[in-house]
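**Q** Required output: the full structure, derived from the provided sequences and hints.
Number of protein chains: 4
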Amino acid sequence: MSVRVAVAGASGYAGGELLRLLLAHPGAEIGALTGNTNAGQRLGSLQPHLLPLAERVLEPTTADVLAGHDVVFLALPHGQSAAVAEQLGEEVLVIDMGADFRLEDAADWEAFYGSPHAGTWPYGMPELPGARAALEGSRRVAVPGCYPTAVSLALFPAYAAGLAEPEAVIVAASGTSGAGKAAKPHLLGSEVMGSMSPYGVGGGHRHTPEMIQNLSAAAGGRVSVSFTPTLAPMPRGILATCTAKARPGVTAASLRAAYEKAFADEPFVHLLPEGQWPTTAAVLGSNAVQVQVAYDAAAGRIIVISVIDNLTKGTAGGAVQSMNIALGLDETTGLTTIGVAP
Amino acid sequence: MSVRVAVAGASGYAGGELLRLLLAHPGAEIGALTGNTNAGQRLGSLQPHLLPLAERVLEPTTADVLAGHDVVFLALPHGQSAAVAEQLGEEVLVIDMGADFRLEDAADWEAFYGSPHAGTWPYGMPELPGARAALEGSRRVAVPGCYPTAVSLALFPAYAAGLAEPEAVIVAASGTSGAGKAAKPHLLGSEVMGSMSPYGVGGGHRHTPEMIQNLSAAAGGRVSVSFTPTLAPMPRGILATCTAKARPGVTAASLRAAYEKAFADEPFVHLLPEGQWPTTAAVLGSNAVQVQVAYDAAAGRIIVISVIDNLTKGTAGGAVQSMNIALGLDETTGLTTIGVAP
Amino acid sequence: MSVRVAVAGASGYAGGELLRLLLAHPGAEIGALTGNTNAGQRLGSLQPHLLPLAERVLEPTTADVLAGHDVVFLALPHGQSAAVAEQLGEEVLVIDMGADFRLEDAADWEAFYGSPHAGTWPYGMPELPGARAALEGSRRVAVPGCYPTAVSLALFPAYAAGLAEPEAVIVAASGTSGAGKAAKPHLLGSEVMGSMSPYGVGGGHRHTPEMIQNLSAAAGGRVSVSFTPTLAPMPRGILATCTAKARPGVTAASLRAAYEKAFADEPFVHLLPEGQWPTTAAVLGSNAVQVQVAYDAAAGRIIVISVIDNLTKGTAGGAVQSMNIALGLDETTGLTTIGVAP
Amino acid sequence: MSVRVAVAGASGYAGGELLRLLLAHPGAEIGALTGNTNAGQRLGSLQPHLLPLAERVLEPTTADVLAGHDVVFLALPHGQSAAVAEQLGEEVLVIDMGADFRLEDAADWEAFYGSPHAGTWPYGMPELPGARAALEGSRRVAVPGCYPTAVSLALFPAYAAGLAEPEAVIVAASGTSGAGKAAKPHLLGSEVMGSMSPYGVGGGHRHTPEMIQNLSAAAGGRVSVSFTPTLAPMPRGILATCTAKARPGVTAASLRAAYEKAFADEPFVHLLPEGQWPTTAAVLGSNAVQVQVAYDAAAGRIIVISVIDNLTKGTAGGAVQSMNIALGLDETTGLTTIGVAP
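Residue numbers (numbering that gives the first Met the number 0), protein chains in the order written: chain A, 0 to 341; chain W, 0 to 341; chain S, 0 to 341; chain B, 0 to 341.
Rather than coming from a laboratory, the hints here were simulated on the basis of the structure. Predicted model only: the values in this text are computed from it and were never measured. Please note that the accuracy of each hint is not assured.
DSSO-like mimics (lysine-lysine), calculated; alpha carbons at most 30 Å apart, straight line [claimed, not checked]:
(1) S/K180 to W/K183
(2) W/K180 to S/K180
(3) S/K183 to W/K180
(4) W/K183 to S/K183
(5) W/K244 to W/K260
According to the in silico footprint, chain S covers these stretches of chain A (three or more CB under 8 Å from chain S) [stated by the list, open to error]:
(6) 8-21
(7) 39-50
(8) 274-281
(9) 328-339
Computed Cβ-Cβ distance ranges for the label pairs, DEER-style [said to hold, decoys possible]:
(10) A/A132 to S/D264: 46 to 52 Å
(11) A/R131 to W/P184: 35 to 41 Å
(12) W/G274 to A/A132: 42 to 48 Å
(13) A/K183 to B/A23: 26 to 32 Å
(14) W/A66 to B/S215: 42 to 48 Å
(15) A/E89 to W/G274: 42 to 48 Å
(16) W/R221 to B/G179: 50 to 56 Å
(17) B/E103 to W/G67: 53 to 59 Å
(18) W/A256 to A/E89: 53 to 59 Å
(19) W/A296 to B/T332: 50 to 56 Å
Using N, Cα and C, we set each Cβ at its ideal position, and we do this for glycine too.
**A** Here it is as structure tokens:
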């Protein structure tokens with residue numbers, strides 16, 4: 000079986016990573032590739048690492064161009080997915096890599112994005128309790144944000160097992176590709192190499208409500224999140240340091256047991272052996288999540304560290320994983336847990 | 000006036016940075032330079048950026064070599080400073096850039112370093128309440144650790160003003176020079192470039208008790224610290240994200256006011272204008288600390304971000320600043336708040 | 000069909016990259032993995048990016064351990080391959096990723112390596128004239144060096160077509176993984192990040208005679224090579240700038256035509272469209288070579304730029320490509336021209 | 000004595016570096032700072048590393064604003080300096096950090112810049128034969144380009160001593176700050192980190208005629224230059240690999256002697272001891288040039304490697320050095336040979 004796949008937004012980093020994965024996917028045939036300002040250009044000039052598609056020319060993002068595909072991925076700026084999705088039939092699997100359909104609460108959307116809420120689609124993080132079932136056979140998928148992927152997979156087991164107090168404090172470092180391909184002065188190589196900097200401090204980052212949504216669902220009650228993202232001098236990767244006060248009675252052993260159980264059957268989430276800490280380099284280009292946990296008895300806190308590749312598991316790999324589930328394919332088809340290192 | 004200065008441990012990163020600063024210090028004359036395994040080598044082969052000292056040859060670290068100087072800086076591995084210091088007269092200003100004399104509590108030292116406690120010297124972080132007075136005229140100085148410098152300067156105003164609950168959660172990213180110049184596989188360029196990784200997670204980092212000591216002093220009561228250090232792909236710089244639950248009644252305005260007051264007369268600590276966030280690049284090679292604060296009303300937390308150069312303000316610059324105070328020189332002599340960027 | 004493959008030297012960078020590729024190779028079953036000082040360790044602690052092999056334990060590099068495999072890859076320090084190869088049967092395909100069997104001239108070997116010459120094996124650069132035929136069915140393969148791969152593929156068409164004078168001037172920049180995983184001070188992240196440096200200047204680099212051998216063969220006469228390697232602040236990648244004086248009558252068009260012809264049927268070597276210049280990022284993790292040529296009329300020189308991933312096409316990918324040919328598999332099996340970017 | 004200095008173009012990388020140096024210059028008082036699109040902004044938001052100037056506000060680049068200064072530095076886009084300079088009195092020392100007045104041959108200018116030639120000013124590379132005398136007392140200075148600085152200082156001794164054939168082949172790697180602060184997609188951190196790439200290949204780079212001019216003057220006859228610049232993943236620094244065929248009779252000893260003699264009295268150009276190779280990290284933030292030479296007997300070529308900081312000696316430091324000479328100050332005032340490393 001082979002499905003015909005279109006990618007709207009093929010010139011950006013998310014689109015490029017998606018194409019990299021689809022080229023290696025045995026069940027996908029790459030159809031239309033669209034761009035906005037880049038329509039008409041050779042893909043080879045925009046994504047020179049995708050040699051097999053070098054001669055493809057980007058088309059405009061229109062309903063006509065996207066018609067006739069089994070799967071359409073939307074890698075568009077926030078707020079633009081709904082209008083495109085409406086023009087695609089209900090039988091088409093539409094996978095939105097933007098934020099538009101992630102949040103359940105319209106008020107959250109409006110507070111953080113300042114526009115009307117487009118709706119809520121099945122959420123493409125299969126590892127969360129109940130999420131796989133919602134994705135099976137679905138024809139609409141909202142791909143999670145990169146930070147929420149790293150953070151939710153790090154903390155949901157602690158909350159699901161009742162081990163953590165409902166106030167999470169999270170600091171994460173991301174590679175610069177998370178900020179996209181639009182040229183902005185603070186993202187110049189000269190600025191970011193050799194430098195770390197925070198942004199969206201104090202609760203302002205748009206991924207915060209998505210984390211709250213996921214962790215609250217796991218905890219069965221409202222979890223507050225203090226989230227500080229930082230920009231790191233590397234192209235890819237997220238290192239999330241996720242902490243919460245331990246509930247009474249938590250021990251290092253009970254904490255570890257909860258994580259072993261939560262990830263036991265997960266193909267992509269890997270709890271490292273005790274004493275080994277994750278590095279973002281180990282997951283570069285892979286769909287793996289590497290996790291380690293610690294219980295700081297002196298401070299009374301749980302610390303969970305997770306690493307992902309923000310473009311793979313954090314965006315395009317997560318999207319392909321959800322596509323596989325929605326289509327009834329093996330969930331791991333076309334994906335790998337093997338990173339490119341050093 | 001010019002003082003004659005010796006540097007024990009001139010081949011490492013701390014020693015090299017100290018020499019860089021001393022070369023620009025109008026009141027210092029550089030005397031003996033010593034090494035351990037590197038004794039006998041030209042400094043030019045070990046520190047090729049210090050051209051004016053290229054022909055200097057390292058001597059062994061002995062009492063004879065260190066004799067006859069007004070100031071002796073010790074940039075030695077932890078645990079070696081006491082034996083050297085004992086051989087130097089009481090009239091000599093001895094500035095220890097290692098950890099040996101930082102902690103007040105012998106039990107803390109023994110728990111984290113596993114050896115007998117050598118003692119406690121006046122603590123070289125002049126910005127802390129009361130610290131300057133203790134340094135004036137002193138002939139012994141313990142230079143603070145790099146992380147404790149970034150963290151203590153970020154949080155002491157909140158604790159001193161009674162704004163923060165006594166449970167701090169801190170995640171910091173450091174450049175690799177903080178790990179020293181000894182060749183270890185995980186510090187190879189191939190491993191660290193493009194990668195972030197944590198270490199010492201769960202309370203194990205030796206800088207934790209030093210942070211607790213400083214913040215507890217500011218708070219007037221025990222402050223617990225959850226500290227997670229991470230290694231960032233850059234040679235220099237620390238970005239510390241320091242958070243604590245806000246006490247009732249705290250507002251963004253009262254928080255900012257506390258910081259404006261705390262730093263008003265400090266020559267090296269700079270509170271950025273609202274809306275501007277610090278970058279480590281901006282303090283590279285400088286003795287400046289750039290700080291910004293935020294109050295996250297939704298999460299009820301104070302977030303303070305500070306950046307320093309771990310080798311300058313975090314080690315050698317802090318040491319020179321304390322030397323200036325101890326000798327009665329202007330505190331800023333030979334130091335700058337100007338970074339080398341981009 | 001599946002062949003059973005052993006890897007001697009699985010803990011280093013070349014070995015790790017080879018395993019990454021073999022894990023994705025449909026015709027290879029990974030057998031024994033050996034190390035030297037690392038024997039007895041979990042691969043997961045040494046190569047944390049190779050999750051499917053994390054629980055494998057390295058064995059010592061002995062004839063017993065390596066027995067019973069169809070293919071044995073040797074990723075050993077220079078000079079150690081011959082002794083191991085002698086213990087393996089003639090029917091075993093032995094692929095040496097070291098330098099031992101690359102050079103045809105024993106005097107060259109002895110001059111550059113200072114030990115007796117072990118011999119010459121079929122040379123694993125299939126793109127060179129006549130090379131593929133020598134590899135087909137062979138049971139011994141010498142994998143080329145990383146720099147000679149980038150340089151020979153860049154310049155052989157110009158020499159084979161008689162366009163270039165026999166004095167090549169080459170400057171290449173390599174990522175640090177080319178220097179291996181042994182911890183040395185000048186390879187520390189603190190030293191290499193933000194820095195470029197040359198080494199082996201003036202003809203001393205051991206890859207020089209290998210380049211001369213390849214280019215002379217293409218030219219049908221002795222080609223001299225001035226080769227300057229430099230170390231670049233990146234983990235992977237080689238950018239080779241290869242120039243030679245143009246012979247009389249050369250034009251931009253004749254130059255380009257020669258390259259189009261030379262690479263027309265090559266699955267891994269790609270001549271970029273005019274006006275597009277290669278970047279090492281575009282070939283990260285791929286077996287592709289991206290090449291561009293220019294004729295500088297004012298200086299009368301041909302300039303050819305090539306990029307490879309030093310660990311993939313430059314080492315482990317080239318090795319797998321040769322394995323495929325030797326075994327009669329499709330040459331591209333398990334290999335890709337798709338890079339991981341950004 | 001203190002001179003009042005204005006900087007036109009204070010928001011870019013060259014302007015920022017110049018201000019960093021002027022802040023440490025005992026004879027300079029910083030006057031007007033101007034920008035173009037950034038006029039009206041706080042310098043603190045544009046150059047956050049220049050804390051002492053943080054509250055300064057950029058003014059527009061007009062004759063009125065620039066009036067009343069002893070020295071005016073122009074850090075403007077190519078082609079804009081002449082119009083501004085014309086409005087400044089002849090008694091004002093005008094130092095152009097752009098290209099406008101570097102070339103002696105109007106045809107060269109027009110061929111490479113496509114606009115009418117503005118003229119030729121005394122050339123600010125004091126180390127070249129005769130250059131210092133032309134700068135003394137001058138009221139107009141053309142600051143050399145960054146690549147020509149690294150290359151000319153590397154090769155002029157060989158040409159002046161008659162050791163090299165008149166065909167130079169040069170490959171240089173530059174940090175990204177050389178490409179300026181204007182946001183362009185290919186200069187994004189995501190693109191440049193972990194990647195090397197060439198540009199302006201085949202003789203097209205605008206710095207080529209400037210190199211030819213300098214080397215031809217040293218040689219006393221036309222020298223052709225094949226120049227290939229590459230972009231390296233670091234913010235600052237140039238590593239220039241400069242080679243030429245040796246003339247008959249050249250030896251390693253005669254080569255080294257020529258360089259020792261040429262640089263013997265130079266305060267900023269340093270010939271490294273035999274066996275030590277330069278790194279760009281060693282000159283970061285300094286005005287030093289570190290040079291090493293080799294004679295490759297097998298290839299018959301001279302190889303000279305030089306490193307500079309492209310923003311310091313390559314731009315702003317060279318400009319201050321020339322200012323010092325023009326004003327009759329000690330040439331080294333406000334400048335250092337000490338780099339910031341690691």
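**Q** If a hint holds in the structure, say so; if it does not, say that too.
**A** Results of checking the hints against the structure:
Of the supplied pair hints, the one linking S/K180 and W/K183 holds, its CA atoms being roughly 10 Å apart against a limit of 30 Å. With a C-alpha separation of about 16 Å, the suggested pair W/K180 and S/K180 falls inside the 30 Å cut-off, and the hint holds. Between S/K183 and W/K180 the CA atoms are separated by roughly 10 Å; this keeps the pair inside 30 Å, and the hint holds. Of the supplied pair hints, the one linking W/K183 and S/K183 holds, its CA atoms being roughly 8 Å apart against a limit of 30 Å.
As the CA atoms of W/K244 and W/K260 are separated by approximately 21 Å, the hinted pair is consistent with the 30 Å bound. Requiring three or more residues with a Cβ within less than 8 Å of a Cβ of chain S, the coverage given for the segment 8-21 of chain A holds, as 3 such residues are present. By the rule of at least three residues with a Cβ nearer than 8 Å to a Cβ of chain S, the coverage given for the segment 39-50 of chain A holds, with 8 such residues. Counting residues of the segment 274-281 of chain A whose CB falls under 8 Å from any CB of chain S gives 5; the rule of at least 3 is met.
By the rule of at least three residues with a Cβ nearer than 8 Å to a Cβ of chain S, the coverage given for the segment 328-339 of chain A holds, with 5 such residues. For the hinted restraint 46 to 52 Å between A/A132 and S/D264, the CB-CB distance of approximately 50 Å keeps it satisfied. Separation of A/R131 from W/P184 is about 39 Å and conforms to the stated range, judged on CB atoms against 35 to 41 Å. Look at W/G274 against A/A132: about 45 Å separates their beta carbons, and that is inside 42 to 48 Å.
Hint check: A/K183 to B/A23, Cβ distance near 31 Å, so the stated range 26 to 32 Å holds. At about 58 Å, the beta-carbon gap between W/A66 and B/S215 misses the expected band of 42 to 48 Å. In this structure, A/E89 and W/G274 meet the distance hint of 42 to 48 Å, their C-beta atoms being roughly 45 Å apart. Roughly 52 Å separates the CB atoms of W/R221 and B/G179, a value that falls within the hinted 50 to 56 Å.
Taking 53 to 59 Å as the suggested C-beta distance range, the pair B/E103 and W/G67 conforms, at roughly 57 Å. The hinted window of 53 to 59 Å between W/A256 and A/E89 holds, with their beta carbons roughly 57 Å apart. At roughly 52 Å, the beta carbons of W/A296 and B/T332 sit within the given window of 50 to 56 Å.
Comparing the model with each earlier hint shows a violation of hint 14 alone; every other hint is respected.
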